[in-house]
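Since the structure of chain A is provided, determine the placement of chain B on it from the hints.
Below, each chain spelled out in residue letters.
Protein chains: 2
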Amino acid sequence: MPEIRSNPVTGDWVIIATERARRPEEFTQKRHKAVLPPLAPECPFCPGNEAQTPAEQFRVAAPGGGWLVRSVPNRYAALTPEGTVERHVNGFRTCLDGIGLHEVILETPAHNLTMALLPLSQLEQVLQTYRHRFRAFYKDRRIEHVILFKNYGEAAGTSLIHPHSQIVGMPVLPSQLRARLEEALRHWGNVGECLYCRTLDEELRDGTRVIAQNASFAAFVPYAALSPFHIWFFPKRHSADFGDVTDNQLADLAAVLREVLLRLYVGLEDPDYNFVIRSLSPQEGAVKYFHWYISLIPRVTKSAGFELGTGMFINTALPERSAEFLRGVALPA
Amino acid sequence: MPEIRSNPVTGDWVIIATERARRPEEFTQKRHKAVLPPLAPECPFCPGNEAQTPAEQFRVAAPGGGWLVRSVPNRYAALTPEGTVERHVNGFRTCLDGIGLHEVILETPAHNLTMALLPLSQLEQVLQTYRHRFRAFYKDRRIEHVILFKNYGEAAGTSLIHPHSQIVGMPVLPSQLRARLEEALRHWGNVGECLYCRTLDEELRDGTRVIAQNASFAAFVPYAALSPFHIWFFPKRHSADFGDVTDNQLADLAAVLREVLLRLYVGLEDPDYNFVIRSLSPQEGAVKYFHWYISLIPRVTKSAGFELGTGMFINTALPERSAEFLRGVALPA
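Line order of the protein sequences matches chains A and B.
Reading the first sequence from the start, the letters are residues 1 to 333 in the numbering used here.
Reading the second sequence from the start, the letters are residues 1001 to 1333 in the numbering used here.
Each hint should be verified, as a subset may be incorrect.
Claimed, not checked - Simulated restraints, written as ranges between beta carbons of each label pair:
(1) A:E154 / B:E1202: 30 to 40 Å
(2) A:E144 / B:T1208: 27 to 37 Å
(3) B:E1202 / A:A330: 55 to 65 Å
(4) A:L173 / B:R1023: 25 to 35 Å
(5) B:T1084 / A:N190: 22 to 32 Å
(6) A:G207 / B:G1083: 26 to 36 Å
(7) B:E1050 / A:E19: 45 to 55 Å
(8) A:A40 / B:V1089: 46 to 56 Å
(9) B:R1075 / A:G66: 56 to 66 Å
(10) A:R22 / B:E1269: 27 to 37 Å
(11) A:E19 / B:R1087: 50 to 60 Å
(12) A:N190 / B:S1121: 46 to 56 Å
(13) A:A330 / B:G1285: 54 to 64 Å
(14) B:R1093 / A:L173: 27 to 37 Å
The set of hints was computed from the structure by calculation and includes no laboratory data.
Because the structure is a prediction, the values reported are computed rather than measured.
No residue lacks a Cβ here, since even glycine has one placed at the ideal position from N, Cα and C.
Looking at chain A on its own, in the form it has when it is part of the complex (with noise of 0.2 Å):
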């Protein structure tokens, strides 16, 4: 018998479709991926080619000569940085113009590298990147919200080979930031406590959905996780905004990230993911009813004419054994 579960967080519901269930090894990727270069002349994020990218805005130096991590305007940004946010209101129509900041975060200067792969210390400073571009974007104050994510492989919407993340700044408040914010202030408004602080106490308290956690973060898939290996990284210490980390967390949450990333990396053989940081601007930080997060989705299955009508998912894999299966994949030592 499948099972419907409720996401408290979201108000979203998944059915948990256990016959069709495939087990946790049959989501592995199996594809044959290129053996690539550490240096690719062609590639324009790798060194040498830094003329190649728009005008640089940070970077992270090594120690010496050249850098480490790199944040540059997008050369094909979505939105553009020169105008003003005045709307539109032509009778029942809204528009305004597409303003707002678009950079790629290059994640190393090694072409064929991978996340999951870094170097601790370097995890940490491409985080402390995200970090420094979060806050730097909500100077600007005609952006209303900001995110940082990641495409990782072809079926996460990247042919670019060589790691790197991207952070968005537009002047509006997308709609499902102000769903998750309803929800959020209702249950506050109710029960008197932030969502998002229970919804990890259970976590942990059960903790049958738990992958890995230290002093500052935990990685588990949620109880109604959209599709197999859903994770959600939540700050342990309640607070609405991501650039309000201190750096002995950013190193925290660079531990647990490349844990969960090896475990899916050597788990699942090289999935294709994206991940988002989903946060409040720096100004709203104090809001106690809201809690940044990260929520990472591996593109195993494909969502299709059902996701599409209903905002509701399949899950085709129980949570507490893609959980279990990650909890024991053997990494490397």
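Below, chain B alone, put in the same frame as chain A:
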């Protein structure tokens, strides 16, 4: 300069990335499709193999024997018919048994046809079957919501070739429907009109995004279309209930649907697509603020971390140009 448009029906913001925009022809699929036989002996949906499907629930008989359309339970159903709809609340968690109805509607005996190429009378029989099964599903009082959808092609999430649609009845209201109802109710409460009737009026008056229409239906690219060639089909007579559609209206719907599918088939070289019918139940048919409709999304682009993390979309085609292109496609006589 890109433009950010608001979709009043969904509350979503969409970035129309005009600088990234490609010419409509560039969205053609240019795939090499296999030539298929009209009858495939190994296909469980082909005539002669009727015993391979679960017990048929409905058929439109062919005048000379055999069938024109069949509806059969899905062998790999997401939900199962036996059980109760009691919700189990366990502290913070809510779940219920995965009960529900799930059928596959076989649109033609011909293995190698596609909906765009069905004769008009056959497409009408398919829509009659949709209405019949839609009404029948709601007779089961455990069913809270019914969704009809079609996944066409691999990018749209199906690997089954024989032309088919699906219908799912579920015991919960999906969050996406709830969000649509909330937006519609707010508008009705504030302005005293159906948000969908108003949208249709505006589109017909403006005309630049309309693709096809007749006495009962209009097909148009929404002002804030989520993706290239995203198309809405609205009934002109207000009703919240698809099951309430008359025979004459169904004939008109078949004509508009066929014309649009044919324009996509010819203009974009047989693209993969999904469509869904969004409707309330017959019991709620008299609701003044909601309006049933069909949403069709050709799978010509991919969504990634940005869309997952915000619910916002980046559309690389100008909706007016998509509509103009489809209107201009020369159809076979």
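Is it true that B:R1093 and A:L173 lie within 27 to 37 Å of each other by Cβ? 29 Å, holds
Just to be sure I understand the hint, the distance between the Cβ atoms of B:E1050 and A:E19 should be within 45 to 55 Å; is that true here? 24 Å, violated
Is it true that the C-beta distance of A:E19 to B:R1087 lies inside 50 to 60 Å, as the hint says? Violated, since A:E19 and B:R1087 (Cβ atoms, about 21 Å apart) do not stay within the stated range.
Could you say whether the range 30 to 40 Å given as a hint is met by the Cβ separation of A:E154 and B:E1202? Given a distance of about 39 Å, which is inside 30 to 40 Å, the answer is holds.
Determine whether the Cβ-Cβ distance between A:G207 and B:G1083 falls within the hinted range of 26 to 36 Å. 29 Å, holds
Hint says 56 to 66 Å; check whether the CB-CB distance for B:R1075 and A:G66 agrees. 58 Å, holds
CB of A:E144 to CB of B:T1208, is that within 27 to 37 Å? This hint holds: roughly 29 Å between Cβ atoms.
Outcome of range test on Cβ distance (A:A40, B:V1089; 46 to 56 Å): 55 Å, holds
If you check the beta carbons of A:N190 and B:S1121, does the distance land in 46 to 56 Å? Once the Cβ atoms are compared, 55 Å apart, the range 46 to 56 Å for B:S1121 and A:N190 holds.
Just to be sure I understand the hint, the distance between the Cβ atoms of A:R22 and B:E1269 should be within 27 to 37 Å; is that true here? Between A:R22 and B:E1269, where Cβ atoms are some 34 Å apart, the hint holds.
Can the suggested window of 22 to 32 Å be confirmed for the beta-carbon pair B:T1084 and A:N190? 28 Å, holds
Assuming the hint says 25 to 35 Å, is it satisfied by the Cβ distance from A:L173 to B:R1023 or not? Check passed, 32 Å falls within 25 to 35 Å.
Going down the numbered hints, you'll see the structure goes against 7 and 11, while the others check out.
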